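2 protein chains.
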Amino acid sequence: MYYDPVETMDRNKLEKLQLVRLKETIANAKATPFYAEQLADISPEDLTSIKDISRLPFTTKDDLRSQYPYGMLTRSLDDFVRLHASSGTTGTPTAVFYTQKDLDTWADLMARCMFACGCRKSDVLQNMSGYGLFTGGLGIHYGSERLGMLTVPAGAGNTKRQIKLIRDFNVSVLHIIPSFALYFAQKVQEEGFDVRDMPWQIALIGAEPHTEEARRKIEKMMHIKAYNSYGLSEMNGPGVAFECTYQNGMHVWEDSYIVEIINPKTGKHVEEGEIGELVMTTLTREGMPIIRYRTRDLTRFVPGQCQCGRTHRRIDRIAGRADDMMILKGVNIYPMQIEQCLMSMPEVGQNYLIELVTEGVTDQLKVKVEIKDEYFVEDMRVLQGLQKRIAKNLCNEILLTPRVELCQHDSIPKNEGKAVRVMDSRKK
Amino acid sequence: MYYDPVETMDRNKLEKLQLVRLKETIANAKATPFYAEQLADISPEDLTSIKDISRLPFTTKDDLRSQYPYGMLTRSLDDFVRLHASSGTTGTPTAVFYTQKDLDTWADLMARCMFACGCRKSDVLQNMSGYGLFTGGLGIHYGSERLGMLTVPAGAGNTKRQIKLIRDFNVSVLHIIPSFALYFAQKVQEEGFDVRDMPWQIALIGAEPHTEEARRKIEKMMHIKAYNSYGLSEMNGPGVAFECTYQNGMHVWEDSYIVEIINPKTGKHVEEGEIGELVMTTLTREGMPIIRYRTRDLTRFVPGQCQCGRTHRRIDRIAGRADDMMILKGVNIYPMQIEQCLMSMPEVGQNYLIELVTEGVTDQLKVKVEIKDEYFVEDMRVLQGLQKRIAKNLCNEILLTPRVELCQHDSIPKNEGKAVRVMDSRKK
Ligand SMILES: [Zn+2]
Ligand SMILES: [Zn+2]
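Order-wise, the sequence lines are chains A and B. Following full-length UniProt numbering, the numbering of the first sequence begins with 1 at its first residue and continues without gaps. Following full-length UniProt numbering, the numbering of the second sequence begins with 1 at its first residue and continues without gaps.
No lab work stands behind these hints: they were computed from the structure. Some hints here could point you the wrong way.
Just so you know, same-sequence chains aren't split out, so a pair can sit in one copy or run between any two.
[Unchecked claim] Keeping only pairs whose Cα atoms sit at most 25 Å apart, straight-line, the calculated SDA-like set for lysine to any residue is:
{"hint": "1", "residue 1": "Lys121", "residue 2": "Gln100"}
{"hint": "2", "residue 1": "Lys101", "residue 2": "Gly148"}
{"hint": "3", "residue 1": "Lys164", "residue 2": "Tyr68"}
{"hint": "4", "residue 1": "Lys427", "residue 2": "Glu355"}
Predicted model, so just to flag it, every value in this text is computed and none were measured.
Turn these sequences into a full structure, and let the hints steer you where they fit.
Below you can see the structure in the form of structure tokens.
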């Protein structure tokens with residue numbers, strides 16, 4: 001069951017559709033002051049394959065700032081019915097504008113996402129996120145109504161009322177911020193309810209980055225299936241990519257977005273399956289098209305076909321920000337890769353420290369890892385075995401063998417209560 | 001210029017349209033468990049004129065509570081896409097459900113309201129009220145987008161950011177809570193801006209009841225035109241009645257609502273122009289029709305034709321709650337009438353006290369009024385003249401001459417800092 005037939009479109013056809021829409025997007029974008037200049041030398045007919053997108057210039061957050069507020073708009077302000085803006089009161093904000101058609105497209109993409117993870121017209125969705133300028137609130141709200149779900153616009157806060165609404169209206173789908181979910185599960189129990197008796201079945205938890213472990217913990221504590229999503233206001237908001245019921249990567253809706261993954265230093269495409277910076281191009285936005293947007297978010301394509309039958313490629317959960325990337329011996333390393341690898345091992349505690357040091361003439365990667373008390377045994381051979389396993393797992397992930405040092409719980413220094421994750425003391 | 005041609009429809013035609021829709025509404029309502037019983041003896045064909053509505057039973061807030069959550073719905077829950085609920089966590093709440101068609105109708109009514117007070121597609125509206133379960137936020141939001149205004153979903157709070165958004169995006173229309181408006185005007189000045197330099201022109205301030213004096217003060221302090229509106233979640237939310245640019249009463253959209261004004265004690269229609277309880281019937285709501293809903297809100301019809309050309313009748317600003325009504329010598333009196341009359345006189349201070357006392361065998365109305373220091377002169381003749389003028393003004397309003405007593409600033413006792421307005425010490 002799919003929300004839109006395009007979800008299973010043959011990839012050749014899909015790429016042809018992308019090319020047609022990319023050409024339209026370029027033609028449309030040239031109506032803006034910004035792209036008129038950026039794309040002066042490019043004509044839509046120059047593109048003969050979707051791969052030619054690499055000939056187009058990138059668009060950055062700073063570009064959006066420089067065009068604030070109206071420089072990215074293809075038409076008169078009269079034609080726009082919504083804006084979302086970044087919320088700062090200092091510095092230059094960014095703003096995203098929507099025509100009525102753009103809102104319609106967005107609602108449909110959002111509905112498609114929710115359908116993919118099992119939501120149906122007969123479901124009742126409680127939107128537990130704040131509304132307002134944050135795209136997550138109204139984005140989910142419009143998508144939920146579009147799918148035909150009974151939508152409860154609860155907003156954030158007021159835990160007791162949230163529980164009452166969920167019980168009174170048989171709420172089956174929650175839109176909940178992951179960092180709030182565990183607190184909420186506990187509150188439900190404190191109010192005297194068993195989470196297994198609650199009517200909920202599905203949690204949409206994409207609003208903030210979180211680890212796979214956090215997801216599994218939410219699922220267990222709340223007795224629910226939790227689905228990750230990806231979105232950013234520059235690409236409308238939520239609704240860009242969403243997990244299907246297989247929970248193995250997020251399908252990006254490639255009929256609406258061209259997705260690339262690049263090396264953030266060189267700007268070139270990374271190898272298939274390699275981590276890099278996500279770059280996105282809108283294909284169905286009439287009011288404010290954005291071409292090759294540098295999201296600064298790190299991810300990789302999940303290889304292979306998804307069992308659900310959707311042909312749109314999947315991206316992995318976000319593995320940090322491009323600005324975090326380290327280069328060692330010519331290899332790109334992201335702290336999040338190391339964290340995810342460490343946290344998947346039951347022996348590893350909460351804290352670790354990544355150190356980059358110069359020893360002689362070469363740079364080295366050292367990883368200090370806190371081991372849980374129950375695993376910190378006196379038998380040196382056991383500890384050495386663990387040390388080797390950690391080093392090997394890390395090597396599999398980052399393609400370099402680090403020097404691993406084990407240490408006891410709470411022995412890594414903290415900064416204002418928060419663990420320091422990376423120390424770079426290399427000689428330049 | 002009108003948003004919908006129905007706004008100027010000939011009243012005979014309008015009443016015929018109401019009758020047709022009332023019959024449809026009755027037939028539709030009979031699909032609910034509640035009205036199937038309530039209207040068991042009534043068949044749509046029995047009604048030959050819109051006046052026959054008085055043969056239908058009233059629906060009260062308690063009825064809605066007793067039917068919570070699904071007893072008022074005409075169709076399967078699957079067909080609903082939104083609910084708004086009263087926000088309490090104790091007691092039985094009430095809930096209002098909307099189909100997609102109901103949301104469309106509501107958005108159109110809301111857009112019609114905003115158009116009537118001068119909003120146009122080219123305007124930029126900043127929605128400064130909270131979203132969520134409160135119908136004011138999403139109601140205004142959907143109406144604004146429907147009218148084609150560029151909508152800034154700012155939400156409540158964060159005054160500095162509100163100011164930045166208003167300036168950055170040339171906001172011409174504010175949806176702002178009246179009690180926040182004066183604070184906001186002051187903040188704008190504190191931030192170093194002149195209200196006359198702000199881009200705003202129109203304020204929609206209907207979310208809470210307020211006096212005409214409060215409106216004039218907001219208009220002066222903010223250098224803006226402020227328009228009052230009326231709505232309640234049982235009748236969708238905002239969008240029921242709205243002021244046109246003549247600011248002389250709120251046009252009720254009679255193609256969508258039948259409006260009656262009754263004596264809250266007898267349930268009979270009051271004389272034209274007399275204050276009473278507003279009773280409303282939905283004519284265009286498919287999912288949850290409500291017949292003769294006792295709003296408990298007091299108002300009166302504004303007599304005569306409006307200069308704007310709209311034929312839909314106007315109601316006056318809300319003059320309190322039906323529960324506040326007092327009966328003295330067979331005359332209905334509402335504290336709000338007395339307050340409005342007193343507050344329109346420049347000599348009168350902040351506080352007053354209405355006393356109902358038994359003297360001998362008859363009941364009497366006494367009104368104690370605090371006079372501003374600058375008017376509390378030693379010349380008794382001046383004070384007696386003022387006393388007579390107050391009594392005469394009150395008599396014009398309530399059709400009874402009260403005994404007026406003048407007193408000095410701060411001489412009326414307060415209860416936890418709040419003035420006591422009514423003391424009824426009559427012998428039963
Ligand atoms: Zn899938
Ligand atoms: Zn008028």
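Q: Sort out which numbered hints this structure fails and list those numbers smallest first.
A: none
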